[in-house]
Structure formats: structure tokens, C-alpha cells
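J.: What follows is each chain in one-letter form.
Number of protein chains: 4
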Amino acid sequence: MTSQERPPALAIADFIHLLDEHMPQVRAGGFSVVDMGWGSCTMRVAASERTSRAGGTISGPTMFALADLALYGAVLSQVGNVPLAVTSDMNIHFLRKPPLRPLLGEARILKPGKRLAYGEVLIRSEDDPVPVAHATGTYAIPVG
Amino acid sequence: MTSQERPPALAIADFIHLLDEHMPQVRAGGFSVVDMGWGSCTMRVAASERTSRAGGTISGPTMFALADLALYGAVLSQVGNVPLAVTSDMNIHFLRKPPLRPLLGEARILKPGKRLAYGEVLIRSEDDPVPVAHATGTYAIPVG
Amino acid sequence: MTSQERPPALAIADFIHLLDEHMPQVRAGGFSVVDMGWGSCTMRVAASERTSRAGGTISGPTMFALADLALYGAVLSQVGNVPLAVTSDMNIHFLRKPPLRPLLGEARILKPGKRLAYGEVLIRSEDDPVPVAHATGTYAIPVG
Amino acid sequence: MTSQERPPALAIADFIHLLDEHMPQVRAGGFSVVDMGWGSCTMRVAASERTSRAGGTISGPTMFALADLALYGAVLSQVGNVPLAVTSDMNIHFLRKPPLRPLLGEARILKPGKRLAYGEVLIRSEDDPVPVAHATGTYAIPVG
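Residue numbers (numbering that gives the first Met the number 0), protein chains in the order written: chain A, 0 to 143; chain B, 0 to 143; chain C, 0 to 143; chain D, 0 to 143.
These aren't lab readings, by the way, just hints derived from the structure by calculation. Since we're looking at a predicted model, the values are computed, not measured. Possibly wrong hints are sitting among the right ones.
[As the list claims (entries may be wrong)] Short derived list, chain C residues pointing at chain D, Cβ under 7 Å:
#1 Ala-8
#2 Arg-49
#3 Gly-54
#4 Thr-86
#5 Ser-87
#6 Met-89
#7 Ile-91
[Claimed, not checked] Here are the computed lysine-lysine pairs in the DSSO-like style, where the Cα-Cα straight-line distance is at most 27 Å:
#8 Lys-110(B) / Lys-110(D)
#9 Lys-110(D) / Lys-113(A)
#10 Lys-96(C) / Lys-110(B)
#11 Lys-110(A) / Lys-110(C)
#12 Lys-110(D) / Lys-113(B)
#13 Lys-113(D) / Lys-96(A)
#14 Lys-96(B) / Lys-113(C)
[Said to hold, decoys possible] Computed list of chain D residues with no C-beta within reach of chain A, every gap over 10 Å:
#15 Ala-10
#16 Ile-11
#17 Asp-34
#18 Ala-46
#19 Val-85
#20 Asn-90
#21 Lys-110
#22 Asp-126
#23 Pro-130
Where is the CB? At the ideal position from N, CA and C, for every residue including glycine.
Start from the sequences and build out the full structure, keeping to the hints where you can.
T.: Shown next as C-alpha cells:
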């Protein structure tokens, strides 16, 4: 799930710039880009009052947003700077209650495509390899 | 999808109180409870900078959060005041780009259960019956 | 979920003919078409040794096949005679163990489309309105 | 996705015996067990008239059945001889049209559990590493 040999079609700095320009709520929400490779992207979300939920855990919608962003990065790593790529479907299973600590979302593309790309995202605490959630989803890529 | 004859096991006022107490980010995020019936719940989210996304539309994670909350309400409408009920899986399809206007999430339970409850949520603009997203999901209910 | 006013773009007799010609295993497997409307289709599967599973119930793959076929019919009811329409994703939840009796799959389209169509399928025993499974899915429609 | 060091809780020969005894349609349908490890299982399905579909490809329900069986094996590899474990939900994405050749379904458990186990299945042609479908799902395990 780390960067592979082929460089991404969108450099990590350019992805960060794209998010800041088009989705300022990403940074404001405590999300950050950790890594990008060809067909892969790792995002991180900080634990905060905003992302927490009853019972001292991270909320489901926060994990969904993390999966969605990581998959977005993985898609753009292959198609380049296409901000208007949009999620078409997402399936998420919550496997364990994560502690109130930073989470990583590690996305990789299983089926690249010019119009539709499909991938999966493993979510885990930053300091623990055991997955707390797993998502799969499809992005639709607008064609110029 | 409107309230049915049997009254909900959790009154709408008690559900609002539960959300305010256990998930203050719900109200802060612009979400509100519109209706509850036995096995059904309608939630609303306002359109704001926080919920918007590139292209003048509502973000996917906002729609996920809306679906998740509406399903939560529908589950509690049958099992009562159980704040620690948690999403175990959720599948969402984004069908059309919604305009930047308030959205409703209308949830109904298809399989009630003491330990697991399953239902679906239709998401649409407040002033338009055409669905913009559709979700299905399971909640796990802790047993005392 | 019954036929609606607008007639289907593919008549029920033509759908049966299409299945017999392109997918003879459908009839051989005990599946039959019950009803078609604009955006809806009901399929039936008989209970047999082939469709049964340990514990005196209908197997999961049989219910998946029923959902897939009913959704196929609902898609063709709007796009007409396009045998090469294919499932692109399907999500199914098994809600209750059905008895070893005929099942109905009632599909309806939630999002028609020229390239992608999305819908849901409720599966129940022929003589019982309570759902035993629920599926949602997307079909990809080849463009001429 | 190959067998790991810890031996499976159900030997491959015992899994084959269980299938033959409780689900004779598995062998009759052309499915066979290829490999089992702790938390993993690979199943194979032959290409035949029964599994084919219009356009010279393997049918979606055949791929679903393959995923379901491989995940069943992966679950039993951790919980042992529990024939009545049942699928509770399954999500499948069809990524490419497979040719009419044997398929492998490679399952691995992402979340073991005494009551619920979750895993994923990669489906590919026997002679090609590129995935043609990807599934995730949950099994419910009856407790004695």
C-alpha cells in the first residue's frame, strides 16, 4: 500500500493544492495527505471533538469521509488533475471501535478506468495495523 | 415513508435531546430531525459552506452522514433510547448531483432486530421528490 | 411494485423470449417472469434441490441470481431489448432464512439512465409479504 | 493470499467433505476447493454452459457463488466445522468481462469474529492475475 515504482500522475503537492483550493473543509476538518503512489493514496484524520462520537470513538461519517478522500487521491494518482471526479458508490464496513486517536485511510485502485475507477480503502489507527473499517467504492471521472 | 400508526419507541423530542447530548456536532453541522414514526425517521441537512463541494453541490460525506443519522433515528424508533447503537455497514449510491439546497434523508427499517437492524434511506432535495442518493445499512444494537 | 401506467419498453413476452434465447439456464434453473412494468420487474424462482441449502432454506446464490434477473428485467423495461446490459455492482443483505418455498424478487428502478441504471430488489416468499433479502445494484448499458 | 503459517481450523479435506455432504450442488456446479489457510480460502469454478452468459463470458451469479463459497471457506478456516454459518451481506463489483475460462476466488478474512466475520474476495481468471470482480461480505456464525 506504499508508493510503487511508477510515479503518480498527480504529485502529492499538487493534490494538497487541489484540496485546499476546491475543498477547504478537508484541511479544516483535520484531514491531511500522507502518501501518494501510482494507484494508491494514504490520508490521515486527526482525532478531535468534531470527529468524535459517544463512547470515546471516531464517528462513522468521519471514517467515511477519510475513505472517500483516500480513494479520491488514489483515483487522481492515475487520471491526474480532475477535481470533478465524483463518488458513484461506496460500501463501508465498520469492524472495530477505533480509539480516539488519529486514523489512516490507505486506498488502492483495483480497476483503473477512464470513466469509472474502483478501489478499496483500509482504515486503521495510526499506531496499529489492525483494520477498524474497510471500504470499497467507485469514482466516476468526467470526460473532457 | 411518513409516520405510521404505531407511535415510535422514542419520541421525536427525546431523539433531539439524545443527539444534543451525545452528538453535539449533529446540530452544529446543520442537521435536524424532521419526523419520526415506528421504524422510520426523516432528517434534514442545511446547505452551507461546510456541506458544499466543488461544482456547487452537496458533498458525499454530508449525504453519508445524513443517511447514517436518519437510519440511526429509524433504529431508535423501534428499540428506544440506546445511544450506543452503531453502524455496522453502509452502502450508498450517489445518483444525481444535488443542487446546493437543503436535503432530506428518509429512512425506513426493512428488518427490525434486537441485535441487528437493517434499513434503507432515500435522499432528495427538500423541494424535489427525485432521489439524489440511496443508502442501505445495518445497525448493531448493544444488548444490556 | 406492480405494473405502472406507462407500458414497459420491452413486453413481458419479449423479455421471456430474450431470456430463453440468450440465457437458457434461467428457465432451466426454475426462474420465471411474473410481471413487468415501466421501471419494474418481478421474477420468481421455484424451490428445488438445486436452489436449496443446508438447513432447509434457499441458498444465497439463488437469491442473488433472482435479484440480478429481476433488476435486469427492470432495466430492460426502460431501455428495451439490450441483452448485453451487465451488472456492474450489487449489494445484498440476507434478512431472514426463507422457507423452502418459491421466492419472488420485486425490482424497481430508482435511477434510470442511458449508460448506468440503479435500482433495488425486495425478495420474499411468494405467500408472505415480509422481506427475506434486499438488494441494490447498478447495470451498465452498452451504447450503440 | 496463500496459506499462512498457522494451520486452518478446518482441514481442506474436511471442508471438501462438508461441502459434499451439505451442499452437493457445489461440486455438481463445477466448484472445487484449491487452497485453505488460516483466514483464507481459494475456490475454483470451471467454465461450462451452466456458468456462461451471453457474450461468451462467465455469469454474474456464478461469480457471486464463487465469492460466497470462498468466503465461507475462509470463515470456517477460523471457526472450524460450522456448516450453518450463513452470509449476512455481500457486496460485489464486476470489473471486467472474464473470458470463458476457469475462475479463482481468493478470500481472506479482515475481521474474524465469534458471531460475525468479515472478509474480501478477489476473483480472477486462473491464468491471469488481473481481477475481474471483487467482493466483500459478512458471515453470521451461529453460537452453540
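J.: Of the hints stated earlier, which fail here?
T.: 1, 9, 20, 21, 23
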